[in-house]
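Novice: Sequence:
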Amino acid sequence: MASAWQRLGFYASLLKRQLSRGPDVIRWEKTVIPGWTRSIYSATGKWTKEYTLQTRKDVEKWWHQQIKDQASKISEADKSKPKFYVLSMFPYPSGKLHMGHVRVYTISDTIARFQRMRGMQVINPMGWDAFGLPAENAAIERNLHPESWTQRNIKHMKNQLDHLGLCFSWDREITTCLPDYYKWTQYLFIKLYEAGLAYQKEALVNWDPMDQTVLANEQVDEHGCSWRSGAKVEQKYLRQWFIKTTAYAKAMKDALADLPEWYGIKGMQAHWIGDCVGCHLDFTLKVEGQDTGEKLMAYTATPEAIYGTSHVAISSSHRLLHGHSSLKDTFRKSLVPGEDCLTPVKAVNMLTQQEVPVIIVAKANFEGSLDSKIGIPSTSSEDALLAQSLGLPYSEVIETLPDGTERLSSSAEFTGMTRQNAFLALTQKAREKRVGGDVTSNKLKDWLISRQRYWGTPIPIIHCPACGPIPVPLEDLPVTLPNITSFTGKGGSPLASASEWVNCSCPRCKGAARRETDTMDTFVDSAWYYFRYTDPHNPHSPFNPALADYWMPVDLYIGGKEHAVMHLFYARFLSHFCHDQKMVKHREPFHKLLAQGLIKGQTFRLPSGQYLQREEVDLTGSAPVHTKTKEKLEVTWEKMSKSRHNGVDPEEVVTQYGIDTIRLYILFAAPPEKDILWDVKTDALPGVLRWQQRLWSLATRFIEARACGPSPQPQLLTSEERAETRKLLEYKNMVISQVTAHFTKDFSLNSAISQLMGLSSALLQASQRVVLHSREFEDALCALMVMAAPMAPHITSELWAGLALVPKKLCDHYAWDTGVLLQAWPTVDTQFLQQPDVVQVTVLINNKACGKVPVPQQVARDQDKVHELVLQSELGVRLLQGRSIKKAFLSPRTALINFLIQE
Numbered sequence: 001m002a003s004a005w006q007r008l009g010f011y012a013s014l015l016k017r018q019l020s021r022g023p024d025v026i027r028w029e030k031t032v033i034p035g036w037t038r039s040i041y042s043a044t045g046k047w048t049k050e051y052t053l054q055t056r057k058d059v060e061k062w063w064h065q066q067i068k069d070q071a072s073k074i075s076e077a078d079k080s081k082p083k084f085y086v087l088s089m090f091p092y093p094s095g096k097l098h099m100g101h102v103r104v105y106t107i108s109d110t111i112a113r114f115q116r117m118r119g120m121q122v123i124n125p126m127g128w129d130a131f132g133l134p135a136e137n138a139a140i141e142r143n144l145h146p147e148s149w150t151q152r153n154i155k156h157m158k159n160q161l162d163h164l165g166l167c168f169s170w171d172r173e174i175t176t177c178l179p180d181y182y183k184w185t186q187y188l189f190i191k192l193y194e195a196g197l198a199y200q201k202e203a204l205v206n207w208d209p210m211d212q213t214v215l216a217n218e219q220v221d222e223h224g225c226s227w228r229s230g231a232k233v234e235q236k237y238l239r240q241w242f243i244k245t246t247a248y249a250k251a252m253k254d255a256l257a258d259l260p261e262w263y264g265i266k267g268m269q270a271h272w273i274g275d276c277v278g279c280h281l282d283f284t285l286k287v288e289g290q291d292t293g294e295k296l297m298a299y300t301a302t303p304e305a306i307y308g309t310s311h312v313a314i315s316s317s318h319r320l321l322h323g324h325s326s327l328k329d330t331f332r333k334s335l336v337p338g339e340d341c342l343t344p345v346k347a348v349n350m351l352t353q354q355e356v357p358v359i360i361v362a363k364a365n366f367e368g369s370l371d372s373k374i375g376i377p378s379t380s381s382e383d384a385l386l387a388q389s390l391g392l393p394y395s396e397v398i399e400t401l402p403d404g405t406e407r408l409s410s411s412a413e414f415t416g417m418t419r420q421n422a423f424l425a426l427t428q429k430a431r432e433k434r435v436g437g438d439v440t441s442n443k444l445k446d447w448l449i450s451r452q453r454y455w456g457t458p459i460p461i462i463h464c465p466a467c468g469p470i471p472v473p474l475e476d477l478p479v480t481l482p483n484i485t486s487f488t489g490k491g492g493s494p495l496a497s498a499s500e501w502v503n504c505s506c507p508r509c510k511g512a513a514r515r516e517t518d519t520m521d522t523f524v525d526s527a528w529y530y531f532r533y534t535d536p537h538n539p540h541s542p543f544n545p546a547l548a549d550y551w552m553p554v555d556l557y558i559g560g561k562e563h564a565v566m567h568l569f570y571a572r573f574l575s576h577f578c579h580d581q582k583m584v585k586h587r588e589p590f591h592k593l594l595a596q597g598l599i600k601g602q603t604f605r606l607p608s609g610q611y612l613q614r615e616e617v618d619l620t621g622s623a624p625v626h627t628k629t630k631e632k633l634e635v636t637w638e639k640m641s642k643s644r645h646n647g648v649d650p651e652e653v654v655t656q657y658g659i660d661t662i663r664l665y666i667l668f669a670a671p672p673e674k675d676i677l678w679d680v681k682t683d684a685l686p687g688v689l690r691w692q693q694r695l696w697s698l699a700t701r702f703i704e705a706r707a708c709g710p711s712p713q714p715q716l717l718t719s720e721e722r723a724e725t726r727k728l729l730e731y732k733n734m735v736i737s738q739v740t741a742h743f744t745k746d747f748s749l750n751s752a753i754s755q756l757m758g759l760s761s762a763l764l765q766a767s768q769r770v771v772l773h774s775r776e777f778e779d780a781l782c783a784l785m786v787m788a789a790p791m792a793p794h795i796t797s798e799l800w801a802g803l804a805l806v807p808k809k810l811c812d813h814y815a816w817d818t819g820v821l822l823q824a825w826p827t828v829d830t831q832f833l834q835q836p837d838v839v840q841v842t843v844l845i846n847n848k849a850c851g852k853v854p855v856p857q858q859v860a861r862d863q864d865k866v867h868e869l870v871l872q873s874e875l876g877v878r879l880l881q882g883r884s885i886k887k888a889f890l891s892p893r894t895a896l897i898n899f900l901i902q903e
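Residue numbers for the sequence shown follow full-length UniProt numbering, so the first one is 1 and each next one is one higher.
One thing to keep in mind: the hints can contain errors.
To be verified - With a straight-line cut-off of 25 Å between C-alpha atoms, the simulated DSS-like cross-links for lysine-lysine are:
id	residue 1	residue 2
1	K886	K865
2	K46	K745
3	K674	K745
Claimed, not checked - Now the in silico label distances, taken between C-beta atoms and shown as ranges:
id	residue 1	residue 2	range
4	R878	V828	36 to 42 Å
5	K232	K628	32 to 38 Å
6	H540	E367	34 to 40 Å
7	L822	V220	28 to 34 Å
These are computed hints drawn from the structure, not numbers from a lab.
Backbone N, C-alpha and C define an ideal beta-carbon position, used for all residues, glycine too.
All chains should be modelled from the sequences, with the hints used to inform the complete structure.
Specialist: Written out as structure tokens, the structure is:
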């Protein structure tokens, strides 16, 4: 019987004759040779020995659609399988991908492919964070509607993602600016409103006079200018919508303890929330015994002692003195700058009905972010001094027993309770009566969501003169945006100009009413999108609880560290709320979090601060200078942007190097959480190019040995050769163990690639007889291709197809009739697992890799011992001896130590 390679030779000659008769090669493949279709990219059927740039491009072109088809055929119907939900933060559709996008989506794509190979039910969804001010501004500049601008950008960016070979679960695609999505954003807002967690109040806000909208504190730079428009931000009082995130502060702070390590992000979340030791309580305000209709919310760190209140203090910057309050003049008449001032206004505690005076304190603000505070002399010496100086009466409500226990006195039904029990009982009663009581910190503020712009989710509230604010009935959702042509609000929302849309009837009394014209902050849209991905086409509810309970929580959430505070906090808040609404069983939405670093480009800047383009820089000397003026330039690495002239176009890079090369470079250049300094002259890019060539050479050597040599006969191996195969087996098992751990535990995909490079080198050193006769060599080679496949899917698909054509294979546990991405992930045979006695620790000096030092495995996690061993090594003596070491950092996740030295 003719071998497969002889048959391929015959088919190749037949192909030449066919090509002379016409170009319809695909028809020829499927009909002229029954039962056979081309499995490798080569049109001749011959294996290409050299892996050139052209070969890379041809291979990727050949496999691109096939890999997409393979991914689309993976069934997600079998809910008996374990699931894995990998989620990368969805992008704003700016119209053009940048290298930061390429990095985060390459990581998520790689993890998703790996988990599918492990037999998991995987979703890796993608969508568009499509509302927001940038689209509105772009529309104004180009005389377009924001919707057409946004949809055009989405189409272009989707094509870009496809060209990068990224296989998302596109059947789950969502777009936040479409009514079928924001209908449910509005639904959740109404649920928050009904739960008392969405409310309106007057607030001092950051107003951008150019963009005519409110900005969050984080959107104002250190010079007091808008991060978007650059305009000087103004402070003004507006009636705004808030979501009461403080109600969940303690629950969210406590829940952090149950989450796995997020490598610093949990600390950032905890710091943002603050120490949750007190609560706000609500007061009504009276003047001369008459209720003014005004309310005041004030904070205390000791609510259990509330019956000992002497006063409520407000700062001189409080809204009651500067906004549109009916009491503004009353307070201002009492104000004496620089003094603590007693006012004629009385505050009535809505829980205890106690009445105490309101004081304006001399200092502008209190600790944290407070501008109002309950004065309780029993628990604050500062409050006691203030009460005494103003002659205010108060009761001592804390008594200490002989054993040191503190309990309440003169405190109504809380009398006799310990302070801890009274704290719990009083805050619970306040929450039940909806007059405060949510345990929070003195620094966390409620979430201001009002935006005076058009391109956002309309707030589903109708303002009725008789009934007040009324939620839009659920059956009337969505409240869709009116089609307007002018997007400048002239001091208010552009929606106010759409009179037919604004003027409506009250759902309750049917009288004339007006719609709310503010739209929601886009962070509201992204606070729940991970839920919608679990059930993206549901027309009846935001998501099916059963589907959400199956997929949630997200197993791995990947995104930029810049979103690790606000977005993450808001997303966690919505998840906690949905849990309390019995919509989902999990409180926390994300199990593991991977905050990837930036990709930075090199910048060249004149002393004046002007950034130069690369062609304006002379790099021929010892230091870069301006080509024209010869001025010395400041050279830095910064986040890529057009304004800094340091961006890299992903499409150009792919055209130059190929998809797999860029994927491998991004994964190999640094651990995911570290920044990458984009420089193709570094070792990383040539390194991954050489590795691909080594993989190709390995497969070529094996194919030629088996196709041209005698049949493999393992019994012919000598004892020395069997010892060699034993070492290969042990090494393969160790690599499988380490690479699997990197994929599942620390996500150090750069280290995974290093391990695979090591296995490649070991296989290249194998003797020719081992290549021909060894089952262990064949198995290690196949395992190498399978493990490399999630990171470099195109080249490994081609190599696997080539290996599948080899006759007389010794390994029968691989599915040779399917592609490499559909193979099962290799498993470890613990019988042959040998842990290395030493670990090669990479040494960095001022963030630059300088070499490796062997360290005993048992001390590889001990920073002091690793530090000492590096200093004693030849490398340490040569590079660190006599230099001032400011600090050393041992990575908790990878074998790496970084020395920061004084230059």
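Novice: Give a verdict on every hint.
Specialist: Against the structure, the hints:
1. K886 with K865: Given pair K886, K865 holds - Cα atoms ~17 Å apart, limit 25 Å.
2. K46 with K745: Answer violated: K46 to K745 is near 41 Å, above 25 Å.
3. K674 with K745: Distance of about 17 Å is within 25 Å: holds.
4. R878 with V828: 36 to 42 Å: With a Cβ separation near 38 Å, R878 and V828 satisfy 36 to 42 Å, so the hint holds.
5. K232 with K628: 32 to 38 Å: holds, 34 Å
6. H540 with E367: 34 to 40 Å: The hinted range 34 to 40 Å is violated for H540 and E367, with Cβ atoms some 48 Å apart.
7. L822 with V220: 28 to 34 Å: For L822 and V220 the Cβ distance comes to about 51 Å; the hint is violated.
Of the numbered hints listed earlier, those contradicted by the structure are 2, 6 and 7.
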